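K.L.:
Could you put together the complete structure from these sequences and hints?
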Amino acid sequence: MLSPVSCCFAPGHEPTQKMTEAKVDTRYLSAGANRYAAASDWCENGLVAFGADCNVCLWDPRDSNGITRILSGHTAHVRAVKFLPKFSDEKTTYIVTGGDDHGLRIWALDTETGDASCIHTLGAHTAPINCIATLKGQAAGADVGKRFFVTGAADATVKVWSLSSGGEAKLVQTIKTTKGYFPLALALNPLGNAGKSVIMAVAGTTSNIQIFTAVLEDTGLEFTLQATLTGHENWVRSLDFVREKADTPGSDLLLASASQDKYIRLWRIHQGTALSALGSVGVDMAATALMPGNKIHKLNAGGEKHCVMFEALLLGHEDWIYSARWSRAAGDARLQLLSASADNSLSIWESDAESGIWITVARLGEVSREKGATTATGSIGGFWTGHWSPDGSAVITLGRTGSWRLWAYDAVEDRWGQNIAVSGHTRPVTGISWSRNGGYLLSTSSDQTTRLHAEWAAGDGTWHEMSRPQIHGYDLNCIDSLGPSSFVSGADEKLMRVFTEPKAVAHMLHRLTGSSLPLPPSSLPDAANMPVLGLSNKAIDVIDDSRPSEDPSSAPSDNHLTDRDALDPASMVHKSALEIDHPPFEESLSRHTLWPEVEKLYGHGYELSCLAANHAGTLIASACRASSLNHAVIRLFETAPKWTELRPPLAAHTLTVTRLRFSPDDKYILSVGRDRQWAVFIRDTDSGAEDQEKGYTLRQSNAKGHTRMILDAAWAPRGEVFATAGRDKMVKIWVGGKDGFGLGLGVAMDHAATALDFAEGVKEDGTMFLAVGTEAGRLLVLEVRVREDGVVQEVERAVLREELWLPRAVMQLAWRPAREGSKARELAVAGEDGSLRIYGISLQ
1 MLSPVSCCFA
11 PGHEPTQKMT
21 EAKVDTRYLS
31 AGANRYAAAS
41 DWCENGLVAF
51 GADCNVCLWD
61 PRDSNGITRI
71 LSGHTAHVRA
81 VKFLPKFSDE
91 KTTYIVTGGD
101 DHGLRIWALD
111 TETGDASCIH
121 TLGAHTAPIN
131 CIATLKGQAA
141 GADVGKRFFV
151 TGAADATVKV
161 WSLSSGGEAK
171 LVQTIKTTKG
181 YFPLALALNP
191 LGNAGKSVIM
201 AVAGTTSNIQ
211 IFTAVLEDTG
221 LEFTLQATLT
231 GHENWVRSLD
241 FVREKADTPG
251 SDLLLASASQ
261 DKYIRLWRIH
271 QGTALSALGS
281 VGVDMAATAL
291 MPGNKIHKLN
301 AGGEKHCVMF
311 EALLLGHEDW
321 IYSARWSRAA
331 GDARLQLLSA
341 SADNSLSIWE
351 SDAESGIWIT
361 VARLGEVSRE
371 KGATTATGSI
381 GGFWTGHWSP
391 DGSAVITLGR
401 TGSWRLWAYD
411 AVEDRWGQNI
421 AVSGHTRPVT
431 GISWSRNGGY
441 LLSTSSDQTT
451 RLHAEWAAGD
461 GTWHEMSRPQ
471 IHGYDLNCID
481 SLGPSSFVSG
491 ADEKLMRVFT
501 EPKAVAHMLH
511 RLTGSSLPLP
521 PSSLPDAANM
531 PVLGLSNKAI
541 DVIDDSRPSE
551 DPSSAPSDNH
561 LTDRDALDPA
571 SMVHKSALEI
581 DHPPFEESLS
591 RHTLWPEVEK
601 LYGHGYELSC
611 LAANHAGTLI
621 ASACRASSLN
631 HAVIRLFETA
641 PKWTELRPPL
651 AAHTLTVTRL
661 RFSPDDKYIL
671 SVGRDRQWAV
681 FIRDTDSGAE
691 DQEKGYTLRQ
701 SNAKGHTRMI
711 LDAAWAPRGE
721 VFATAGRDKM
731 VKIWVGGKDG
741 FGLGLGVAMD
751 HAATALDFAE
761 GVKEDGTMFL
771 AVGTEAGRLL
781 VLEVRVREDG
791 VVQEVERAVL
801 REELWLPRAV
811 MQLAWRPARE
821 GSKARELAVA
831 GEDGSLRIYG
841 ISLQ
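In the numbering used here, the protein residues as written are 1 to 844.
Everything labelled a hint here was simulated from the structure, so no lab data went into it.
Worth double-checking, as some hints may not be accurate.
When the alpha-carbon atoms are kept at most 30 Å apart in a straight line, the in silico BS3-like pairs for lysine-lysine are as follows [what the hints assert, rightly or not]: (1) Lys196 - Lys295; (2) Lys763 - Lys667; (3) Lys600 - Lys503; (4) Lys295 - Lys262.
Here are the simulated distance ranges between beta carbons [what the hints assert, rightly or not]: (5) Val361 - Lys23: 47 to 55 Å; (6) Thr219 - Thr113: 28 to 36 Å; (7) Ser536 - Thr707: 40 to 48 Å.
Since we're looking at a predicted model, the values are computed, not measured.
All C-beta atoms in this analysis are idealised placements derived from N, C-alpha and C, irrespective of residue type, glycine included.
P.N.:
Given below as structure tokens:
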């Protein structure tokens, strides 16, 4: 909760302020996953946890609700996520996470209520934590009431931990890696028949794999180095153990190791001597094991003798392999291995029943002709990790864009089919804008993408990313809607780009969300594409399904095409690509849902900092980063059909303008900046009738609006009232009068206020609702009353629950335009943590 209110108000008029907790439900959570092989896990109850910036997101792939919860606590990127095994009849699920903040966190998740909390913060490591492994199976520690897990970090150590049934965490052992390499992969498994011996494999920034053994005692585990496996020629990225025959006690263990050398190696761990191991694998495999260079390593664990030998080399990937994980085929005892590679493919491997040779039985991902696609035109840049579902009937994988892909196996058709997954921004969300009718939400980010989010009508109103209009080469900073089917965005490239909705996307949104089609739809281009070496989305015609995309006739009719204008065949749009009855999958989002660019607006000398469009969509105001009066101007551009700048620009600020807002009736333009002042420009009514709504002149400025820089501003829905938010931890409300705008109310915050927005609508008594976001990620709604005599009172302060706060600054807030029949209002929240959230808030 925030501290008591500190207000400035007219003498003799005291506010009647109350503090309550807002009634909030989560409508939509979106966040892109961190691109680390160990930053995600799929547990036995079907829940997926993955790191997203400094957050941990929870997602159930079995339904279309997307991310269900975001856990905040880490202060830097999360690199490793792992579920701990559950004891019988236990209702709590434990998650261990580690990241760049050098800290480990243990989360307790109630599987019935969904409540989650951090129960431990462990800080034994002195560098980023790269990987976590847990001990499962018969030696999971249930008989001693403990769970065991190990962590590997860039401080060149592996640490062994225990978590008791009572929730007490303890460091058991610290192992310094030989030669000082950094661990990137860990694996733990029970070893012997007695269930007391344990084996651990460690690998990382070296080509070798170290094998440790230990005996499970009441006091914990004490690992000793037993062998070093050689054979790989580059860093080892993934390790995973499996029992060869699940229904045979004491059967051999298989270890899969995946490396940057593009190969997977399989190792056999056998209980007994080397001769008995050779006898157990058959004549053919024994001959392979005895080849020169294939050394058989001896292990000792609590008096039990074991040996390790090379089993097989799996070839097929063409680039680094990031993960290799075992599973048993759904409804079968067959072992399958899933590998994810930077070559844009997932491979599922099986051992041939007759020859014993490991072969690829399924290959998912990109087809070979699409590998040449640049990341700007939608290439996924390889797969960073792959996971099996608990029953082995589905797999998920993570691409470069931070989006997940989900495939499920259809036993009837004997094929893998793609299903709906989750996606999101991977860097700070710098701007959000609702369409004028509230049908969809646009977001833009430092990850150089603009994304469109909307409700799926057939999916019980669940939200999904429906289009990716802009994939850029510069960080995007600001965005605003120009109408029902166009928007303008600004980036670090010093100019603004205007986009319009293509016909294919318009029809898809109409079919999936029930939105109305732009009129006339025949005037829209079919689709859009991006040249391989360009940044401008070009309008193109869709390709008939009977014509291959490599057909030269599918390219634009231009006899003088250059390499810069050439279109990437991998991202051609076929006619049926968006004729779908579900939200588009990742490959469609990144290749087929681009919007064509219709105009560029020049004039600024530095990176765009903010922009705003008037409510009629006829005028755009913009500003750029500046350190002098010459560049701190506000430029006005008229939209179609001229797209020209109106001169002279508006001058008032001396440093960067941080926010621009048009008043509800477009009479005023409000600007705030880093120079601590705000300025109000009024529409020039002395101009001719044609230019009356275009020219603006300075009406008033306040050089000391705040004592530190002003970060955001918002107009109230009625009357000449606006609010400003500053780094001085103040939210101020200004009211217009005969002598201009004066301070009506000042509300103190515990942290710098970074984002503001007024909800539409005003009560009969003049009460309005103002959402506020802070630098510390806090969210609250102020109920503010403006009386007829101009006195402003804060009536109530509603604070959102702590689990709904962001771990970093709130970048922007935007209330969804009101809709009929909806009692709760929806607030979109853009976060510096890369998350985009929509909360339903009941405003009484």
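K.L.:
Work down the list of hints and note, for each, if the structure agrees.
P.N.:
Each hint, compared with the structure:
| no. | hint | result |
| --- | --- | --- |
| 1 | Lys196 - Lys295 | holds (27 Å) |
| 2 | Lys763 - Lys667 | holds (23 Å) |
| 3 | Lys600 - Lys503 | holds (21 Å) |
| 4 | Lys295 - Lys262 | holds (22 Å) |
| 5 | Val361 - Lys23: 47 to 55 Å | holds (52 Å) |
| 6 | Thr219 - Thr113: 28 to 36 Å | holds (35 Å) |
| 7 | Ser536 - Thr707: 40 to 48 Å | holds (43 Å) |
Of the numbered hints given earlier, the model fails none.
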